[in-house]
Amino acid sequence: MSEMKFQSTETAWCPGCGNFDILQTLVGVLNDLAFAPEEVLLVGGIGQAAKLNQYVNANGFSGLHGRSLPAAVAAKMVNQNLKVIVNSGDGDSYGEGGNHFLHNIRRNVDIAHFVHDNQIYGLTKGQTSPTSDPCSDTNAGACNLNKPFQPLLVALAAGATFVARSFSGNKEHMARMMKAAILHKGYALVDILQPCVSFNKVNTFAYYREHTYELEAEYDPTDIKAAVLRSMEFGAKIPIGILYQAQAPTFHQRRPEIFDETPMIDKHPAPDKLEALLRQYA
Amino acid sequence: MFNLCIGGPAGYGIETMAGIFEKILQRDGFYVFSMRDFMSRIRGGHNFAQVRFGTEPLAAHIDLLDILIAFDLTTYEQHKARLKPDGLLLADPELALTDARLLPVPLKQLAKEAGNPRTLGVVCIGAMMKALGMPLATAEAVLADTLNPKLLDSNLNAVRLGYANGTPKFTLAQGGAKNQLLLTGAEAMAMGALAGGMQFYSAYPMSPATSLLTFFSTHAAEFQLVVEQAEDEIAAINMALGAAYAGATAMTGTSGGGFSLMVEALGFAGIAELPVVIADVQRPGPATGLPTRTEQSDLLFMCFASQGEFPRMVIVVKDHADAFYQTARAVQLSRKYQIPVLLLSDQYLADSAATIAPLDVRKAGSSVQPLPGQAEAQGAYQRYAITPSGISPMRTPGRSQAVVRVDSDEHTEAGTITEEARVRVQMVDKRARKLDGLAAELIEPTYSGAEHPEVLLVGFGSTTGAITEAVSRLNLQGHAVGALAFGDVYPLPTKRLEQYWKQAKAVYSIEQNATAQLAKLIRMETGLRCTDSILKYDGRQMSVDEIVTGLHALGVGKGR
Ligand SMILES: Cc1ncc(C[n+]2csc(CCOP(=O)(O)OP(=O)(O)O)c2C)c(N)n1
Ligand code: SF4
Ligand SMILES: [Mg+2]
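Chains A and G supply the protein sequences, listed in that same order.
Here our numbering is used: the first residue of the first sequence is 1, the next is one more, and so on.
Here our numbering is used: the first residue of the second sequence is 1001, the next is one more, and so on.
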């Protein structure tokens, strides 16, 4: 075990919230990976989940609701030495930020995206989120009259190269998923089922413990068709694990004429370059 | 001085032809000012370019034409009244125009003879060279420099055939302009951003701001820029803010519609103190408005957009050189004060081309005095440390042992969320103190005209050239008129305004909008009330003549 460089501070979450396990696990993973706090950038939007970066001694960017991904990928674009990790909610990531979710998968910037999926809007006190369960006779509280959003299926359709799901109540599993996502080259999504003890009375710890199952050892994460089928499994049984992983050129790798080992922030073309360009207008 | 209009349906290569003609004029030593009036369509409709040139620097268009080149009847009908009685009308005999000013040149037939029916415009250029008594050799050289070698032969044939079929008509004075650059307002702005040190540009295409995105993309590898076409304008600005946080000098650009989508993030830049330049190349709104036309109606929106209160700076660019220097300055001011700087241009300026004196890259790149060295407080680094200037030392994440935290919520000095009343007030005040520093940076409006004006005009941005020329016309006729042209508009510099206002009997604002937004801003900031305004909001930029006529209608410059 390496030196414990990362710590978590006091939080503003409800006692018993699934976010605590996510925070603790992430801090553990960062320590295991032996990163330095100053090389890690934790980005969030707005929501309970998005507050996570406030509670870790790393670089932190608390942006706007729904807009964490554009800021996160841009920070990585200009300084690839930062390890960029986004923690945000299901509403933030799939609702308000839906367009960014779709298109940043396509960009394939090398970041990890951890969605704390409590199937509800926690911070705003319990409204339906894109991933809330469908309404039924037995369903009390927030539920979806609309078809629930299937984040993993959408991610696969958009060409994601790392698609995983985990459950905050299974810390060992969550740590494996987080580590793999952080080490993956390219955009990596982990949808983390996270009980909201205050507002989601259906999708509780017990509920997730009962419904989730780990992908079997023979499961082949390079098989996109299998991944598509498993990504749609969400109900009686919910698979957790790496549904899909593939290698594809990252945003930086696709632009060799622009990116090299020198981060963009260190590049300052000399004035004669612009003077030469101006001469073309003479 | 000559004024020429080339018009026809979209798809006739009017843009290309005007571009080539401008280069010929530049090479022959003439000053040029050239504007575009294009419809939002790819084929058909009515488009025109108007090229003004002569032996004195030019910064605006006028109405009266010396030459009209009509590719279709619509062009002739729309512009014939503006053509001087002794002007030249150049058109294909196919159009069967009966006009004493007509020089019929069988453009289509000659283009075909040249070996490429698409060389119509180049045939015209040849005929024009003849009419103006300009040397054919310059046209040939420009064509050789600008065209794809595969197309060169047919185009050279075309320009020679046009020349052979033309008739001499005008005598031009020798052009004496030396070392002039010929560029568009958009190009000037983009290169100004580079001079200022911009490294990151994210945008979503929107006329008339797209030319910035195109320019930066084209030059990305050469200048090692990150240029990203975002999925929408919200992403564009949030990307710029993420890049700025990580240490890049960042900018985004759009038109009013896209800026509307950026507004929440503008406030984020304000509270999180992230430096960013947001260029708004205005077009008439609201909503989709007139996509390819011009207006100055985003002024007040730019000054007041966003919930909450935070310091910002709004700069409107006035002409091509100004676009270069002010963009460089905007980039530096945003970094120095860690604020959003809003840079306003418009379709007229962005798309018009002009010859200007050489631009000084090094001067532009150091136009803002750097912040005096600041000692950092003892103890752990705090992104939002309270300082007398309101500016907290900004560190780049990953470049020291310190971690850097920024927040869109109200925050402590360390950048963590807080709701504490005392801290809230401290932070609002700290941010507001940046305005004290900014006040010392403001550039007063430029004044032109009579030493003691009886009539004072006020304007801003791209109308500056036309207003200045209108004033000098009236001055020549003996009228005591003067004009203040604003570039910095918010915070509004008021010293020179108050000084001239005292002397004037009447003050008129001249604006390219329907509600006299500059007049309102002046009234809000100074209590001074303009006598009246000359307003234009049909999507077409006011000419020098229109300003003079407008002033006459107000009783200025008449009856002497
Ligand atoms: C533009 C904007 N719209 C709405 C809000 C209010 N808001 C804050 S968080 C949130 C939803 C939170 O849900 P989620 O992202 O799932 O996070 P959770 O609190 O459940 O972790 C909403 C609607 C906001 N802050 N900004
Ligand atoms: S509201 Fe729900 S998600 Fe938010 S802290 Fe409380 S339990 Fe957690
Ligand atoms: Mg949620």
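Treat the hints with care, as some may be off.
Unchecked claim - Pairs of lysine-lysine, DSS-like flavour, derived with a Cα cap of 25 angstroms:
1. G:LYS1150 - G:LYS1169
2. G:LYS1108 - G:LYS1080
3. A:LYS273 - G:LYS1363
4. A:LYS267 - G:LYS1363
5. A:LYS147 - A:LYS273
6. A:LYS179 - A:LYS5
7. G:LYS1130 - G:LYS1084
8. A:LYS171 - A:LYS201
9. A:LYS5 - A:LYS273
10. G:LYS1084 - A:LYS267
11. A:LYS273 - G:LYS1178
12. G:LYS1080 - G:LYS1130
FYI, nobody ran anything at the bench for these hints, they're computed from the structure.
Exercise. Hints broken by the structure, by number, lowest first?
Worked result: Violated hints (numbers, rising): 1, 5, 9, 10; every other hint is consistent with the structure.
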